[in-house]
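Number of protein chains: 2
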Amino acid sequence: MKAEIIAVGSELLTPDRLDTNSLFLTAELNKLGIEVTRKCVVGDKREDVREAFAHGLSRSDVTISTGGLGPTEDDLTREVVADLLGRKLESNLAVLHGIEQRFQKIGRKMVDINARQAMVPEGATVLENSRGTAPGLWMESEGRVVILLPGPPIEMQTMFARQVAERLVKRAGDVRQITRELRVAGMPESDVDQRIAPIYTKYDGVNTTILAAPGEIQIHLRAWSADRAATDKILDEMVERITLALGENIFTHQAQTLEFVVADALTLNRATISTAESCTGGLLAERLTRVPGSSNYFLGGVVSYSNTLKSAWVDVPAAMIESHGAVSAEVAQALADGIRRRTGSTLGIGITGVAGPGGGTPEKPVGLVHIALAGGKAPIERGMNFPGDRDRVRWQATQTALDMLRRYFIYAGGKHSGAKS
Amino acid sequence: MKAEIIAVGSELLTPDRLDTNSLFLTAELNKLGIEVTRKCVVGDKREDVREAFAHGLSRSDVTISTGGLGPTEDDLTREVVADLLGRKLESNLAVLHGIEQRFQKIGRKMVDINARQAMVPEGATVLENSRGTAPGLWMESEGRVVILLPGPPIEMQTMFARQVAERLVKRAGDVRQITRELRVAGMPESDVDQRIAPIYTKYDGVNTTILAAPGEIQIHLRAWSADRAATDKILDEMVERITLALGENIFTHQAQTLEFVVADALTLNRATISTAESCTGGLLAERLTRVPGSSNYFLGGVVSYSNTLKSAWVDVPAAMIESHGAVSAEVAQALADGIRRRTGSTLGIGITGVAGPGGGTPEKPVGLVHIALAGGKAPIERGMNFPGDRDRVRWQATQTALDMLRRYFIYAGGKHSGAKS
Chain A
1 MKAEIIAVGS
11 ELLTPDRLDT
21 NSLFLTAELN
31 KLGIEVTRKC
41 VVGDKREDVR
51 EAFAHGLSRS
61 DVTISTGGLG
71 PTEDDLTREV
81 VADLLGRKLE
91 SNLAVLHGIE
101 QRFQKIGRKM
111 VDINARQAMV
121 PEGATVLENS
131 RGTAPGLWME
141 SEGRVVILLP
151 GPPIEMQTMF
161 ARQVAERLVK
171 RAGDVRQITR
181 ELRVAGMPES
191 DVDQRIAPIY
201 TKYDGVNTTI
211 LAAPGEIQIH
221 LRAWSADRAA
231 TDKILDEMVE
241 RITLALGENI
251 FTHQAQTLEF
261 VVADALTLNR
271 ATISTAESCT
281 GGLLAERLTR
291 VPGSSNYFLG
301 GVVSYSNTLK
311 SAWVDVPAAM
321 IESHGAVSAE
331 VAQALADGIR
341 RRTGSTLGIG
351 ITGVAGPGGG
361 TPEKPVGLVH
371 IALAGGKAPI
381 ERGMNFPGDR
391 DRVRWQATQT
401 ALDMLRRYFI
411 YAGGKHSGAK
421 S
Chain B
1 MKAEIIAVGS
11 ELLTPDRLDT
21 NSLFLTAELN
31 KLGIEVTRKC
41 VVGDKREDVR
51 EAFAHGLSRS
61 DVTISTGGLG
71 PTEDDLTREV
81 VADLLGRKLE
91 SNLAVLHGIE
101 QRFQKIGRKM
111 VDINARQAMV
121 PEGATVLENS
131 RGTAPGLWME
141 SEGRVVILLP
151 GPPIEMQTMF
161 ARQVAERLVK
171 RAGDVRQITR
181 ELRVAGMPES
191 DVDQRIAPIY
201 TKYDGVNTTI
211 LAAPGEIQIH
221 LRAWSADRAA
231 TDKILDEMVE
241 RITLALGENI
251 FTHQAQTLEF
261 VVADALTLNR
271 ATISTAESCT
281 GGLLAERLTR
291 VPGSSNYFLG
301 GVVSYSNTLK
311 SAWVDVPAAM
321 IESHGAVSAE
331 VAQALADGIR
341 RRTGSTLGIG
351 ITGVAGPGGG
361 TPEKPVGLVH
371 IALAGGKAPI
381 ERGMNFPGDR
391 DRVRWQATQT
401 ALDMLRRYFI
411 YAGGKHSGAK
421 S
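Residue numbers (this note's numbering), protein chains in the order written: chain A, 1 to 421; chain B, 1 to 421.
Take the hints with a grain of salt, since some may be wrong.
Any copy will do: because identical chains look the same in the list, a pair fits if it lies in one copy or spans two.
[As the list claims (entries may be wrong)] Pairs of lysine to any residue, SDA-like flavour, derived with a Cα cap of 25 Å:
(1) Lys45 - Thr209
(2) Lys45 - Val145
(3) Lys2 - Ala54
(4) Lys31 - Pro15
(5) Lys31 - Ser130
(6) Lys109 - Arg59
(7) Lys31 - Pro387
(8) Lys31 - Glu181
(9) Lys233 - Asn207
(10) Lys364 - Ser91
(11) Lys2 - Thr20
(12) Lys45 - Leu57
(13) Lys31 - Glu189
(14) Lys415 - Asp74
Worth flagging that the hints you see were computed from the coordinates, not collected in a lab.
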């Protein structure tokens with residue numbers, strides 16, 4: 001089965017807004033075995049909306065739209081689609097009553113224009129909106145389905161999950177999309193591809209996509225099949241072979257972020273962590289504490305931007321900064337040691353570098369970052385030259401720091417959840 | 001003039017990827033006075049790509065595509081468009097030579113399949129790609145323009161800026177899009193709209209969009225006009241009236257982020273800042289140091305997650321935590337005072353709260369955050385109840401902290417750049 005998604009709304013044709021609803025819809029449709037073959041954004045203009053739906057109906061089994069169901073005159077979707085299908089719009093009393101009640105609940109009187117939202121095309125199935133006033137609509141015509149959903153993500157998602165998925169699954173047949181995802185840190189994209197291309201090119205029926213983000217590579221495997229067991233077997237075999245090829249470079253088979261994987265490792269090993277950051281300005285602490293329950297392993301951190309505070313807060317000797325420079329392996333290690341000692345944590349991380357755009361020198365260019373991990377048998381330190389702008393340098397520095405932490409537990413023989421399948 | 005944008009690539013129809021090239025293109029086209037009326041994403045399938053271009057050519061002055069110009073068999077755009085326009089593809093020696101040279105430069109030999117990228121439709125203008133191997137193409141047919149650009153953002157953007165914009169501007173006529181943007185902090189969307197709706201509804205020729213993000217409202221004004229001076233006058237008048245209505249709630253007229261506005265205020269007033277964070281885990285320090293040159297005003301910060309460290313690092317009395325709780329106005333103020341004293345900064349900020357999802361109680365629910373600013377004539381403290389999940393609570397807390405800083409300079413009569421037009 002093939003579907004196309006139409007997003008309706010002039011604001012989605014400005015430089016400030018993207019249609020992100022289609023990502024949710026694509027994931028859900030794929031799960032039901034429905035392929036998305038086209039996405040389209042049109043403004044609130046009658047002829048544009050009409051043309052988009054006319055094309056959808058002429059070529060796709062399912063046409064699913066978001067937006068344009070509000071109460072104002074700009075909201076045309078309902079009207080245009082009814083007209084296109086040659087159906088009359090009738091005021092639906094049950095819907096009207098529902099909207100009135102919704103207004104009552106929040107202590108306001110329904111405005112007249114909201115009655116527009118109760119207009120339903122003949123023969124359409126109303127999809128109740130438990131999160132807002134605009135009901136959705138399900139219509140069928142010559143064996144094809146048109147589904148109109150509201151634009152606000154929470155309304156759209158709830159309506160899809162509660163009322164659309166079950167209706168679609170009945171029509172969708174047995175073919176499903178079956179997927180796997182692996183994420184890799186500490187390796188460039190070209191190395192990842194070189195190691196795994198000999199594997200994935202052997203699997204014709206599986207679509208492999210490699211996505212590169214700063215400090216992270218995602219490997220997506222996708223197959224369409226009616227035989228779940230057989231396809232699971234094939235994908236598991238692929239994952240096993242890729243895992244063998246990439247080893248501990250893979251940090252998750254469960255689509256977790258690196259900070260969540262590190263949080264698991266810290267928790268499993270009953271270890272605590274503290275941070276002393278300079279160029280990353282608190283980003284590492286921020287990422288470690290994004291994880292709910294992080295107070296179980298994160299004790300605290302300092303952002304010692306000035307040299308004075310590097311000495312005052314984590315005992316970096318002023319003479320060391322003088323002789324090696326604030327951006328040096330020595331200072332990174334002193335930061336890591338100092339913060340660990342000051343907080344009494346199991347492990348300590350120190351980061352110092354040149355995030356840019358200013359501050360670079362020929363010897364210590366923008367992008368140079370030293371990262372140290374204290375608390376293991378031996379100190380671990382890495383000096384990296386990261387490409388890109390300030391944001392990118394800072395992000396990659398924290399990505400490397402988290403990856404050093406993750407690998408520490410693997411190499412030290414600690415417990416870790418990352419590399420299992 | 002009307003344009004539509006076609007993004008070509010099956011990876012853009014997965015749940016992991018969005019076509020973001022269209023945001024750049026929309027902004028640039030709008031600047032040239034060209035309206036974007038439709039955006040479309042199609043996969044690497046011959047008939048889908050063909051249909052998208054056929055529709056584009058039939059209704060839009062300009063059809064502009066990204067992607068599908070690579071060397072592999074999946075890259076169909078060139079071929080499909082040539083066929084659609086009834087033009088033969090011919091190998092272009094200059095392009096071929098350019099690609100060979102590019103490979104030579106990086107010390108590799110050109111692979112045979114790259115010769116595909118040198119195939120150019122009869123009568124097409126080649127757009128040189130200074131950042132990659134795939135050249136772009138400019139074609140005209142019956143008064144309409146088709147522009148094929150590569151998919152990688154940096155290649156596409158460079159090519160547009162250097163070779164497409166000047167060609168389009170010659171055709172675009174005199175009408176331009178003229179815009180203004182204001183950003184507001186510290187007010188809910190409904191209040192903003194209530195105050196400014198009486199203003200913007202009076203301006204028929206100006207499109208006003210209000211976008212709400214956590215802790216921030218953006219007001220976009222857009223007008224299409226051939227008379228720049230007259231339209232500038234109208235927009236300036238609108239901005240002036242909106243500025244009067246919203247006053248110091250507006251933090252920028254230059255589309256700056258809040259941390260950049262605060263950085264300006266700190267710099268203008270030769271003030272320094274330090275932070276003591278609990279629930280925000282370093283996010284405030286991270287935001288303050290996103291700004292290049294932040295070492296001029298940011299001295300340092302601590303993330304004192306544990307109560308012990310709140311006392312050890314910034315002298316919050318253990319008895320105060322005991323009697324008022326770690327999440328309290330008193331502790332927020334002690335954090336702000338303590339970090340200011342410890343670092344010797346002009347101002348200090350303390351944040352403590354319940355970011356969730358755990359840790360809430362009936363008296364101190366998830367979302368409760370206390371924020372204090374020390375260093376002014378009198379201490380400033382705010383207790384807020386933020387809605388949303390952990391990420392959202394943390395973000396809004398830092399947004400409020402930055403806004404308190406910004407307002408401090410306004411109310412204290414300091415220099416600030418935020419509220420001027």
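Each hint tested on the structure:
no.: 1; hint: Lys45 - Thr209; in the structure: between (37 Å within a copy, 17 Å between copies)
no.: 2; hint: Lys45 - Val145; in the structure: both (22 Å within a copy, 23 Å between copies)
no.: 3; hint: Lys2 - Ala54; in the structure: both (16 Å within a copy, 21 Å between copies)
no.: 4; hint: Lys31 - Pro15; in the structure: between (31 Å within a copy, 11 Å between copies)
no.: 5; hint: Lys31 - Ser130; in the structure: within (23 Å within a copy, 41 Å between copies)
no.: 6; hint: Lys109 - Arg59; in the structure: neither (43 Å within a copy, 44 Å between copies)
no.: 7; hint: Lys31 - Pro387; in the structure: neither (37 Å within a copy, 31 Å between copies)
no.: 8; hint: Lys31 - Glu181; in the structure: within (14 Å within a copy, 40 Å between copies)
no.: 9; hint: Lys233 - Asn207; in the structure: within (15 Å within a copy, 55 Å between copies)
no.: 10; hint: Lys364 - Ser91; in the structure: neither (71 Å within a copy, 46 Å between copies)
no.: 11; hint: Lys2 - Thr20; in the structure: both (20 Å within a copy, 24 Å between copies)
no.: 12; hint: Lys45 - Leu57; in the structure: both (18 Å within a copy, 19 Å between copies)
no.: 13; hint: Lys31 - Glu189; in the structure: neither (28 Å within a copy, 36 Å between copies)
no.: 14; hint: Lys415 - Asp74; in the structure: neither (57 Å within a copy, 43 Å between copies)
Violated hints, listed in ascending order, are 6, 7, 10, 13, 14; each of the other numbered hints is respected by the structure.
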